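Student: Residue-level listing of the chains:
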Amino acid sequence: MSTPIAWAVLIENGIWAGVAALGFAILFNVPLRALFACAACGTAGYLVRSTLVDLGGASVEAATLLSAISVAFLGVASGKRWRAPAPVFIIPGVIPLVPGALAFRTMIGVLTLVTSHAVPDQGLVAETALNLVKTILIVGAIAGGIGVPRLLLRRHRPMT
Amino acid sequence: MKWFRKAKQDIAVDMVPPADVPKPPLGRKALTDVVDLALWAGQLLMHNGAESLRVEETVRSFGTGLGCDWGDVLVSHNAILVTHESKGEFRTKIRRVRRRGGVNMTVVAALSHVTHRVAEGKCDRLEVRQELERISSAPRHYNRRLTILMVGLACAAFSRLFGGDWPAFGLTLMLSAVGIFSSQELNRRDFNSLFSVLSSASVVGLIGGILNSFHLSQDPDVVIAASVLFLVPGVPFINAVEDLIKGHTVVGIARGVYGGLIILAISLGLLLALRLTG
Numbered sequence: 001m002s003t004p005i006a007w008a009v010l011i012e013n014g015i016w017a018g019v020a021a022l023g024f025a026i027l028f029n030v031p032l033r034a035l036f037a038c039a040a041c042g043t044a045g046y047l048v049r050s051t052l053v054d055l056g057g058a059s060v061e062a063a064t065l066l067s068a069i070s071v072a073f074l075g076v077a078s079g080k081r082w083r084a085p086a087p088v089f090i091i092p093g094v095i096p097l098v099p100g101a102l103a104f105r106t107m108i109g110v111l112t113l114v115t116s117h118a119v120p121d122q123g124l125v126a127e128t129a130l131n132l133v134k135t136i137l138i139v140g141a142i143a144g145g146i147g148v149p150r151l152l153l154r155r156h157r158p159m160t
Numbered sequence: 161m162k163w164f165r166k167a168k169q170d171i172a173v174d175m176v177p178p179a180d181v182p183k184p185p186l187g188r189k190a191l192t193d194v195v196d197l198a199l200w201a202g203q204l205l206m207h208n209g210a211e212s213l214r215v216e217e218t219v220r221s222f223g224t225g226l227g228c229d230w231g232d233v234l235v236s237h238n239a240i241l242v243t244h245e246s247k248g249e250f251r252t253k254i255r256r257v258r259r260r261g262g263v264n265m266t267v268v269a270a271l272s273h274v275t276h277r278v279a280e281g282k283c284d285r286l287e288v289r290q291e292l293e294r295i296s297s298a299p300r301h302y303n304r305r306l307t308i309l310m311v312g313l314a315c316a317a318f319s320r321l322f323g324g325d326w327p328a329f330g331l332t333l334m335l336s337a338v339g340i341f342s343s344q345e346l347n348r349r350d351f352n353s354l355f356s357v358l359s360s361a362s363v364v365g366l367i368g369g370i371l372n373s374f375h376l377s378q379d380p381d382v383v384i385a386a387s388v389l390f391l392v393p394g395v396p397f398i399n400a401v402e403d404l405i406k407g408h409t410v411v412g413i414a415r416g417v418y419g420g421l422i423i424l425a426i427s428l429g430l431l432l433a434l435r436l437t438g
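So the sequence lines, in the order shown, correspond to chains A and B.
According to my numbering, the first sequence holds residues 1 to 160 in order.
According to my numbering, the second sequence holds residues 161 to 438 in order.
Heads up, some of the hints might be wrong.
Unchecked claim - DSS-like cross-link-like pairs, simulated, lysine-lysine; straight-line CA separation at most 30 angstroms:
#1 B:Lys282 with A:Lys80
#2 B:Lys406 with B:Lys189
#3 B:Lys282 with A:Lys134
#4 A:Lys80 with B:Lys247
What the hints assert, rightly or not - Partial chain B-side listing against chain A, Cβ under 10 angstroms, derived:
#5 Ala210
#6 Glu293
#7 Thr307
#8 Met334
#9 Val338
Note that these hints are calculated values from the structure, not bench results.
As the structure is a computational prediction, the values presented were derived from the model and not from experiment.
By construction, the Cβ of each residue, glycine as well, lies at the ideal position given by its N, Cα and C atoms.
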């Protein structure tokens, strides 16, 4: 499993995930002092997910849930360190986990099914349905995972 | 067991309004001012992509921090309703919040600092008003060119993550830069945000389809998929789920539906473009 090629790809993807988080952090006008932490959150989340999927053999959905939870805890910690609310770090940090390619494949599948005049191909129907369910599950895992630290840490105290 | 007892105590404290320090009664005029400031802060938060619990806590802490005994806040997806009271006197006001695209984390962070200080009683109303004016008129940290470049780079990074080759990287960088430029231009001209999402997606799809007909990249699908990622409503969806978890069910559903509509608009825009270019 841990061939040198796989590690190189993992590290390269980690860097790209950081760049993606950084770009969206700038779109969301994150303060300059917090930018680096946003990129670090993006890299960390992506690395956790790829490690779990590639080496641990976890499903993408479960791995996404775990990595969203770890990004959220990292965001809370960075929020204490750089004195900003946690969502500033968490929201750019989970952007690299968004299943854009899967969603696009779902959309293309639906488009092909709708526009084909013949009887729809059963295989394509099944694949599109599976892609749709997977996309919804992954998005739900991201959003649900983000909520975990606040459910555990600040239960009855006022936030901010 | 110790932490459990402590948590139970916290609940008990949370249930009754804090009444340990006697506060002087506020006059009607002062109360109006407090309600105005609290609603201003809540409106700023809702414009810039905060979830409902944060809005509610901020509006309430502004009231209690500025001298009211208690405040009740109702956050809807497009309005805030608040009642602040002080020794029997109370004021209620509704503020409509027009939906605006865009998330601004600097505003959220700055308001969090102000709320801390207000809740500790370190600010008076004049100071709070100055702070809010400063926050709402502050320019963005990053100029437009840098934003376009960095968002383009982010989408191009996604094309690498989806397994695209280097020509796909370059194409995605260019396409998403064009896409975000057109989306900004449409938003600035006050078009409906669903319409502007649809048009930017179809612009990306059209140019992408034309460029892909030259067979520059091995994976034309990756180019288009990565180039529209800046339109994906991540923040509405995340806020929707957070609101649902924390009991703001109606707001959560409203935000979720809106996010779904944006996804639909992206798909329709791409569909239109892909049908045209084949």
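Student: Please go over all the hints and tell whether each is borne out by the structure.
Tutor: Quick rundown of the hints versus the structure:
1. B:Lys282 with A:Lys80: Since the Cα atoms of Lys282 (chain B) and Lys80 (chain A) sit roughly 21 angstroms apart, the hinted pair holds (cutoff 30 angstroms).
2. B:Lys406 with B:Lys189: Since the Cα atoms of Lys406 (chain B) and Lys189 (chain B) sit roughly 34 angstroms apart, the hinted pair is violated (cutoff 30 angstroms).
3. B:Lys282 with A:Lys134: violated (49 angstroms)
4. A:Lys80 with B:Lys247: violated (37 angstroms)
5. Ala210: OK, holds: Ala210 (chain B) within 10 angstroms of chain A, min 8 angstroms.
6. Glu293: Hint on Glu293 (chain B): violated, closest Cβ of chain A at ~18 angstroms, above 10 angstroms.
7. Thr307: For Thr307 (chain B), the interface hint holds, since the closest Cβ of chain A sits about 6 angstroms away, which is under 10 angstroms.
8. Met334: With Cβ-Cβ at 15 angstroms, over 10 angstroms, it is violated.
9. Val338: Hint violated; Val338 (chain B) Cβ to chain A Cβ min 15 angstroms, cut 10 angstroms.
Of the hints listed earlier, those the structure fails to meet are numbers 2, 3, 4, 6, 8 and 9, in rising order.
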